[in-house]
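Chains as they are written, first to last, in our numbering: chain A, 1 to 462; chain B, 463 to 573.
Everything labelled a hint here was simulated from the structure, so no lab data went into it. Wrong hints could be hidden among the right ones.
What the hints assert, rightly or not - Listed below are the simulated DSBU-like cross-link pairs for lysine-lysine, each with C-alpha atoms no more than 30 angstroms apart in a straight line:
1) K156(A) / K256(A)
2) K553(B) / K156(A)
3) K553(B) / K459(A)
4) K337(A) / K553(B)
5) K395(A) / K553(B)
6) K256(A) / K337(A)
7) K364(A) / K553(B)
This is what each chain is made of:
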Amino acid sequence: MTPTATLLGLCYLVAAVLFILCLRGLSSPESARRGLLLGEIGMLIAVVGTLLHKDIIRYDWILAGLVLGSGIGIAISAWIPMTKMPERIAFSHAFGGLATALVGVAEYTREAEHLAYFKVGALGFETFLGFLTFTGSLMAYGKLQGVISGAPVTWKGQNFLNIGLFFGSLCAIGLLVVHREMHQVFFAIAGTGLALGVMAVLPIGGADMPVVISLLNSYAGLAACATGFALGSQILIISGALDGSSGLLLSLLMSKAMNRSFANVLFGAFGTALEPGQAATQQSKSYNEATVEDAGAVLKASQSVIFVPGYGMAVSQAQHAVRDLAASLERRGIDVKYAIHPVAGRMPGHMNVLLAEANVPYDKLFDLDDINDDFARTDAVIVVGANDVVNPAAKKDPSSPIYGMPVFNVEQSRSVIVLKRSMNPGFSGVENELFFLPNTMMVLGDAKKTLLAMIAELKEGH
Amino acid sequence: MSLEWMFNLYVFVLATFVGYQVISRVPPLLHTPLMSGTNAISGISLVASLLAAGSHHSLSQILGFVAVTCATINVVGGFLITDRMLRMFRKPPAARGEGAPDAKVKAGRSS
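Next comes chain B alone, as it looks inside the complex (with noise of 0.2 angstroms):
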C-alpha cells in the first residue's frame, strides 16, 4: 500500500469520525433535511464527473456528460430543495405571522 493510500485512509476514517460526531446532534425534527443536504453534498461526486466530461476520450466524454447531468441535478435540485424545507421551520414565535391566525389566542389562554 502506498504512502498516499494510508493518507487517504486516514482522511476517510477522520471524516466518518467527524461525520459521525456532527449528525449525531442532528435532531429528528431535521432529519428529512440532514438527509437532501447531505445528498447535495454527495453530489460533489460532480467534481470527478467534470474531470471524466473534460478529458480527451470520447466513451469518456459521454459517460461524464451523463453523470455531470446526474450530480447536477442532485446538486442544485438538493440545495434548492432543502432550503426550501428548512424555510418552513419556523420558530414558534414566527407562527404568528402567518396562516396562524389562532396562534395569538392560544398564547394568551396558556400562559
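Just chain A, with the same shape it has in the complex (with noise of 0.2 angstroms):
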C-alpha cells in the first residue's frame, strides 16, 4: 500500500465511524444536531481524502459539480417550507438515485473488459437499482406534487408484469457476469431499471407514501452499497448499508403501523375509489355539521384537549394555527396534548417535524401507545385534517381495507371537533364512522382560516 493510499483508507474508516455516531446521535433531540456535526466532518474527510487519489487526474468537472451542486442543495435548503419536507426527500432520493447509476454507467462503460466477474454483476445490480430509485422517487415527488394523480393508477396484470421485470432484470444481471461485454444487456439493465421505477409506483396511492419514501431510501442505500461491492470502496458499503438499514427498518415501522404487509402495500393498490353502490349511501347518512361558535363553546366547556393532526395539516399549513389555538386553550387553564400517528402525514415524523416548526415542545408529541388509554378521559378532541388513523372502522369492520391498523380512539372522548375541508371521502375513498357519530361536530372548511375563527371565538367569550 503506498502512504496516500493508506492516508486514504484511514480517513474512510474515520469517516464511516464518525456516521455510525451521527445517527447515534439522533436518538435523543438534545444530542442530535451535535451528532449531525460529527456526520459532517465524515463526509468532509471522506471528500477531501478522495480528492488525493491517484485516479483523479483533472480536477475541472469535479470543481464544477462541487460548486454547481453546493449552489442548488443550499439554494434548496433554504428556500424550502417545512410542509414541502416529503417531496424535498422524495426528490433528494431521485437525485440519489441519478448519481449512483451514472457512476455505474461510467464504470461499465470506462472499463468493463477489465473488471472481474462479480464487480461487473455489481455494477448491473448499482446500475438497475439506481435507475429505479431515480424514476420511483420522480413519480412518488410527482404524486406527492399532485402533478401526478395520487390515487392508485392500475390495470389487470400489473402485478405480473412488474414482477416478470424484476426477475428479468435480475436474469439478465446473471447474464452480464458470465458476458460482460454485452453493452446491451447493460442498457438494458438500466432500461429495465427506469421503466421499472414508473410502473412500481404508480398502484400505489398517495396514502401509502410513507412506506415508498421509506423503502426508496432503502433501494438508495442499496445502490450506494453495489457501488461499493463493484469499486471495491467500504466507506460506500457501510454508508449504503446505514442507509438501506435505515430505510428498511422504518418501511417495516410504518407498515405495521398500517398493519398491512409490505406485499400489500407494494402490490396491494390500496385506496382504490368506492364501488358507486357504497358511495351513494355514505351521501345519505346525516352528520352534524357544527359552526366555529359551536366548536368554541365546546372548547370553553373543556378542561382537557388533544389534537389529531393529519396530512391535512400540512396541506393547508395549519401548524402555527394548531399552536396558536392550543395557546390560548392553555391561557385558560385548558390541559392541551397532541397525539402523532405513525402514519399521519406523508412520511415518517411529518407531524413531528411541522408541530416543532411551529415552537411546540416535543414533550407535547404524544405516540400511538402512549396517549390511547388518554381519550376516554378527555373532553374535547381537534382532528385536524387525519382521517383513516382516527377511522373507527379499522377496530370493528373487518369488510374496512384499513381493518387492523392501529387507531386513535378519538371517538371514547366526550365530543370530537373535525376540521375537514368536505365531506369528499377523498381519494382515500374509505369511508370515515366517525365523521357520522353523535359526539362528532363536523366544522367544514379550510383548517388554518377555521382554527383562526376559533382563536378569534376564544378570545371574545369569556
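Join the two chains, each given in its own frame, into one complex according to the hints.
Okay, structure coming up:
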C-alpha cells in the first residue's frame, strides 16, 4: 500500500465511525445536532481524502460539479418550506439514485472488459437499483406534488408484469456476469430499472407514501452498497448499509403502523375508489355540521383537549394556527396534548417536524401507544385534517380496507371536533364513520381559517 | 469469490447490523431528520462520482460531472436541511423563550 492509499483508507475509516456516531446522536433531540456535526465532519474528511486518490487526474469537472451542486443544495435547503419536506426527501432520493446509476454507467463503459465477473454483476445491480430509485422517487415526488394523480393507477396483470420485469433484470444481471462485454444487456438492465421505477410506484396511493418513501430510501442505500462492492470501497458499503437499514427499518415500522404487510403495500393498490353503490349510501347518512361558535363553546367547557393532526394540516399549512389555538386553550387553563400517529402525513415523522416548526415543545407530542388510553378521559378532540388514523372502522369493520390498522380511540372522548375541507371521502375513498357519530361535530372549510376563527372565538367570550 | 469479496461481505453485514441497532433507538419524533440525515450520508456516493469525473475517459467525465452535482446537492442540502429541522426541536423549557408567551402561565397552573 502506498502512503497515500493508507492515508485514504484511514480517512474512510474515520468517516465511517463518524457516520455511525451521527446516527447514534439522533437517538435524542438533545444530542442530535452534535451528532449531525460529526456526520458533516466525516463527509468532509471522506471527500477531501478522495481528492488525493491517484486515479483522479483532472479536477475541472469535479470542481464544476461541487460548486453547482453546493449552490443548488444550499438554495433548496434555505427556501423549502417544512410542509414540503416529503417532496424534498423524494426529490433527493431521485438525485441519489441518479448519481449512483450514472457512476455505474460510467464505470461500465470505461472498463467493462477489465473488470472481475462479480464486479460487473455489482455494477449491473447498482445501475438497475439506481435508475429504479431515480424514476420511482420522481413518481413519488409527482404524486406528492399533485403533478400526477395521487390515486393508485392500476390495470390488469400489473403485478405480474412488475414481478416479471424484476426477475427478468436479475436474470439479465446474471447473464452480464457471464458475458461482461454485452453492452446491450447492460443498457437493457438500465432501461428496465427506469421503467420499473415508474411502474412500481404508479399503483401506490398517496396515503401509502410513508412506506414508499422509506423503501426508496432503502433502495438508494442498497445502490450505494452495490457501488461499494463494484469499486471495492468499504466506505460506500458501510454508508449504503446504514442508509439501507434505516430505510428498511422505517418501512417496516410504517407497514406495522398500518397493519399491512410489505407485499400488500407494494402490490395491494390500496385506496381504490369506492363502488358507486357504496358511495351513495355514504351521501345519505347524516352528520352534525357545526359552526366555529359551536366548536368554541365546546372548547370553553373543556378541561382537556387533544389535537390529532394529519396530512390536511400540512396541506393547509395550519401548524402555526394549531399552536396558537393550543396557546389560547392553555391560557384558559385547559390541558393540551398532541396525538401523533406513525403514518400521519406523507412521511415518517412528518407531523413532528411541522409542530416543531410551530414551536410546540416535543414533550407535548405523544405516540399512539402513549396516548390512546387518554382519549376516554378527554373532553374534546380536535382532528385537524386526519382521516384514516381516526377511523373506528379499523377496529370494528372487517370489510374495511384499513381493518386491523392501529388507530386513535378518538370516539371515546366526550366530543370530537373534526376540521375537514368537505365531506368528500378524498382519494383514499375509505368511508369514515367517525364523521357520522352523534358526539362528532364537523366544521367544514380550510383548516387554517377555521382554526384562526376558533382562536378569535375563544378570545371574545369569557 | 475472491478474498476481497468475502471481506466486503463481512463489512456489509456488520454495517447493516450496526445500522439496524443504532437506528432502532431513534424515536419516531426524529424520523424525518433521520431520513434526511441518512440521505445526506448516502450522498457518500459522491466519493465514487469524484473518481468518475476525475478520470481520463471523456464519457465518464460527463456522467461523473452530473453525478457529482447530484450527490453534492444531497450532501450539502441534506446536512443543511437536517440541521434546520433539528434546530426547531427545542427542549421543553427552552420553548418559553420564543413564540410561546403562554408557556410560563401554563407551567404555573399545571404544577
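- Taken at face value, is the distance from the CA of K256(A) to the CA of K156(A) at most 30 angstroms? Holds, because 28 angstroms separates the two Cα atoms, which is no more than 30 angstroms.
- Item | Agreement of K553(B) and K459(A) with the hint, judged by alpha carbon distance not exceeding 30 angstroms | Holds, at roughly 28 angstroms.
- Given the hint that K395(A) pairs with K553(B), test it: the Cα-Cα distance must not exceed 30 angstroms. violated, 35 angstroms
- Within a Cα-Cα threshold of 30 angstroms, do K256(A) and K337(A) meet the stated pairing? Distance ~24 angstroms between K256(A) and K337(A) Cα, so the pair holds.
- Are K337(A) and K553(B) close enough, with their CA atoms no more than 30 angstroms apart? Holds - the C-alpha atoms of K553(B) and K337(A) are around 16 angstroms apart, at most 30 angstroms.
- Item | Straight-line alpha-carbon gap K364(A) to K553(B), limit 30 angstroms | holds, 11 angstroms
- Within a Cα-Cα threshold of 30 angstroms, do K553(B) and K156(A) meet the stated pairing? violated, 52 angstroms
In this structure, the hints that do not hold are numbers 2, 5, in rising order.
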